[in-house]
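K.L.:
One letter stands for each residue in the lines below.
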Amino acid sequence: GQQLNQSPQSMFIQEGEDVSMNCTSSSIFNTWLWYKQDPGEGPVLLIALYKAGELTSNGRLTAQFGITRKDSFLNISASIPSDVGIYFCAGLSRGSNYKLTFGKGTLLTVNP
Amino acid sequence: DTEVTQTPKHLVMGMTNKKSLKCEQHMGHRAMYWYKQKAKKPPELMFVYSYEKLSINESVPSRFSPECPNSSLLNLHLHALQPEDSALYLCASSQDWGREADTQYFGPGTRLTVL
Numbered sequence: 004g005q006q007l008n009q010s011p012q013s014m015f016i017q018e019g020e021d022v023s024m025n026c027t028s029s030s031i032f033n034t035w036l037w038y039k040q041d042p043g044e045g046p047v048l049l050i051a052l053y054k055a056g057e058l059t060s061n062g063r064l065t066a067q068f069g070i071t072r073k074d075s076f077l078n079i080s081a082s083i084p085s086d087v088g089i090y091f092c093a094g095l096s097r098g099s100n101y102k103l104t105f106g107k108g109t110l111l112t113v114n115p
Numbered sequence: 015d016t017e018v019t020q021t022p023k024h025l026v027m028g029m030t031n032k033k034s035l036k037c038e039q040h041m042g043h044r045a046m047y048w049y050k051q052k053a054k055k056p057p058e059l060m061f062v063y064s065y066e067k068l069s070i071n072e073s074v075p076s077r078f079s080p081e082c083p084n085s086s087l088l089n090l091h092l093h094a095l096q097p098e099d100s101a102l103y104l105c106a107s108s109q110d111w112g113r114e115a116d117t118q119y120f121g122p123g124t125r126l127t128v129l
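Sequence lines, in order, name chains D and B.
In our numbering, each residue's number is its place in the first sequence (first place is 1) plus 3.
In our numbering, each residue's number is its place in the second sequence (first place is 1) plus 14.
These are computed hints drawn from the structure, not numbers from a lab.
What you are looking at is a predicted structure, and each value in this text was computed from that prediction instead of being measured.
Note that CB positions come from ideal geometry on N, CA and C, so glycine has one too.
Wrong hints could be hidden among the right ones.
Chain D regions said to be covered by chain B (calculated; three or more residues, Cβ under 8 Å) [as the list claims (entries may be wrong)]:
1. 33-40
2. 47-57
3. 103-114
Generate coordinates for the entire structure from the input sequences, incorporating the hints supplied.
P.N.:
Right, here's the structure in full:
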């Protein structure tokens, strides 16, 4: 089946620093979604991307849909303690039988 | 409003119990999903309902029985579970199933513990 390689697996940063994480695949996806999950809670949608090359922002978050349709990145600027959590990328395509394919997640820790 | 609600928040049950998880959305979405999530892992798809009909069953054991009474509600009936079924159970919904441009919204989950 299709797989998403998400990196890094974990990050430890200081408050105020910028963060970047990405997902790559050998398969094409037509939708890229980025979620944040706090412990014991459900994933919360951060950004949805539907077009190759699309660059979308949501406050301090910026995500891009790669031009090849095989990758996406998420940037967080000026991190704050509440950014702590697990970030998942997810892709959707006909090739995945319209099921969401998830990356394994990036665990972000922000030191105040 | 992009809210999906789930009840209960926590559930502890014995292996001989019968219980149900409930999910509700009022976004007019026609597709609803059940996922299972183990700690520090991504969600794993269990079932997909489209227009109140079961579209996908990811070879889930029969001790999990989904039900979609109407377009806003999704239930997951549990019976004779095993301790390894302990996990966070997530409900999600999206506008439709079978589209390449779609977005799934997740509920807060039910933390299930099987003793």
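K.L.:
For each hint, tell me whether it holds in the structure or not.
P.N.:
Structure-based check of each hint:
For a cut-off of 8 Å, the count of residues in the segment 33-40 of chain D with a CB near a CB of chain B stands at 4, and the three-residue condition holds. Under the rule that three or more residues need a Cβ within less than 8 Å of chain B, the assignment of the segment 47-57 of chain D holds, with 4 such residues. Counting residues of the segment 103-114 of chain D whose beta carbon lies closer than 8 Å to any beta carbon of chain B gives 6, which reaches the threshold of three, so the coverage claim holds.
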